Every structure is written in C-alpha cells, then in structure tokens.
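Visitor: Could you put the whole structure together from the sequences, leaning on the hints where they help?
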Amino acid sequence: MSTPNDPRSISDIDIAPLKSIMERNQIWPRMAAKYGVTNPVPPWKTSLDGMCDALDHSACDTSVPNFKERRDEEDALSESSYASLPYPENQLVALAHSLVVRGLISETELKERLASIRARLEA
1308 MSTPNDPRSI SDIDIAPLKS IMERNQIWPR MAAKYGVTNP VPPWKTSLDG
1358 MCDALDHSAC DTSVPNFKER RDEEDALSES SYASLPYPEN QLVALAHSLV
1408 VRGLISETEL KERLASIRAR LEA
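For the sequence shown, the numbering used here gives the first residue as 1308, with consecutive numbering after it.
Simulated from the structure, these hints should not be mistaken for lab results.
It is possible that some hints are incorrect.
Taking lysine-lysine pairs in the BS3-like style, the calculated list, with each CA pair at most 27 Å apart, reads [stated by the list, open to error]:
id	residue 1	residue 2
1	Lys-1418	Lys-1326
2	Lys-1418	Lys-1341
3	Lys-1326	Lys-1375
4	Lys-1352	Lys-1418
5	Lys-1352	Lys-1375
6	Lys-1326	Lys-1352
7	Lys-1352	Lys-1341
8	Lys-1326	Lys-1341
The structure presented is a predicted model; accordingly, all values stated were derived computationally and were not measured.
Guide: See the structure below:
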C-alpha cells in the first residue's frame, strides 16, 4: 500500500512493537508447548477472525481496508516482513501492521495494548 504522502510499499514500513514481537519469537506452537496446552489453535484466533469479519463489512471509514485490500496487504506482509511467522501469527501481525499504517491505531496505542495484554497474562 502506498499513499500520496508515503510512496513506500506497506512491507517497507517498520512497526516497532511488531518488530519486537518477531524478535521474541513467541509463536503459538512454542508457547503452547511451554505451558502444556494441547489445542493447536491459539485462543485468540476466533477474535482475529471476528475482527477480520467486522473490517470486511465495515463501511464507516475510507481508511478501513476492504476485504481485497486487507487480504492483499496480508499476503504481501506474510511473504515479506512476517515470512518467518507461522499462520495464524502472520495474519494477526499483518493485520496490526495494516491498521497502524492506515492510521486506525497508532504505534503507541498498539504498544500500550500489547503491554496491557502481557500484564494480564503474567498476573
């Protein structure tokens, strides 16, 4: 995705909180094994699917990606920036990346939300 103000490809834009996730390599199979969870599907997958469905049916804002834009961006990011992540982690991180690039959530908000989730998990 490029905009008049930023002609770079969506894959060329670094999102610091997402880069940090990549560095920690906290993928579901590894985390599930660490905590003895046998379900191969991450507990957050249904929320991700719901978020994608809501975005796909949203018409409230022109910066919200439609189905094709979201999937094209997901594919581009999953093949480049997040190629080392398995599915569905790459889908989740690609969606967050798209939402930050589109200005629907700021990097600061993303970082704060991730910190909040981590705090609940570690409590």
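Visitor: Need the status of pair Lys-1418, Lys-1341: alpha-carbon distance at most 27 Å?
Guide: 24 Å, holds
Visitor: Taking only the CA atoms, is the gap from Lys-1352 to Lys-1341 under or equal to 27 Å?
Guide: Satisfied, since the Cα-Cα distance of roughly 19 Å is no more than 27 Å.
Visitor: Lys-1326 and Lys-1341 were given as a pair; does the straight-line alpha-carbon distance stay at or below 27 Å?
Guide: Roughly 22 Å separates the two Cα atoms, so the pair holds.
Visitor: Hey, Lys-1326 versus Lys-1375, does the alpha-carbon distance stay inside 27 Å?
Guide: 25 Å, holds
Visitor: Is Lys-1326 within 27 Å of Lys-1352, Cα to Cα?
Guide: Roughly 20 Å between the alpha carbons, so the hint for Lys-1326 and Lys-1352 holds.
Visitor: Does Lys-1418 pair with Lys-1326 here, judged by a C-alpha cut-off of 27 Å?
Guide: 11 Å, holds
Visitor: Taken at face value, is the distance from the CA of Lys-1375 to the CA of Lys-1352 at most 27 Å?
Guide: 20 Å, holds
Visitor: Quick one, are Lys-1352 and Lys-1418 close enough, alpha carbons at most 27 Å?
Guide: Cα-Cα ~20 Å, so holds.
Checked against the numbered hints above, the structure breaks none of them.
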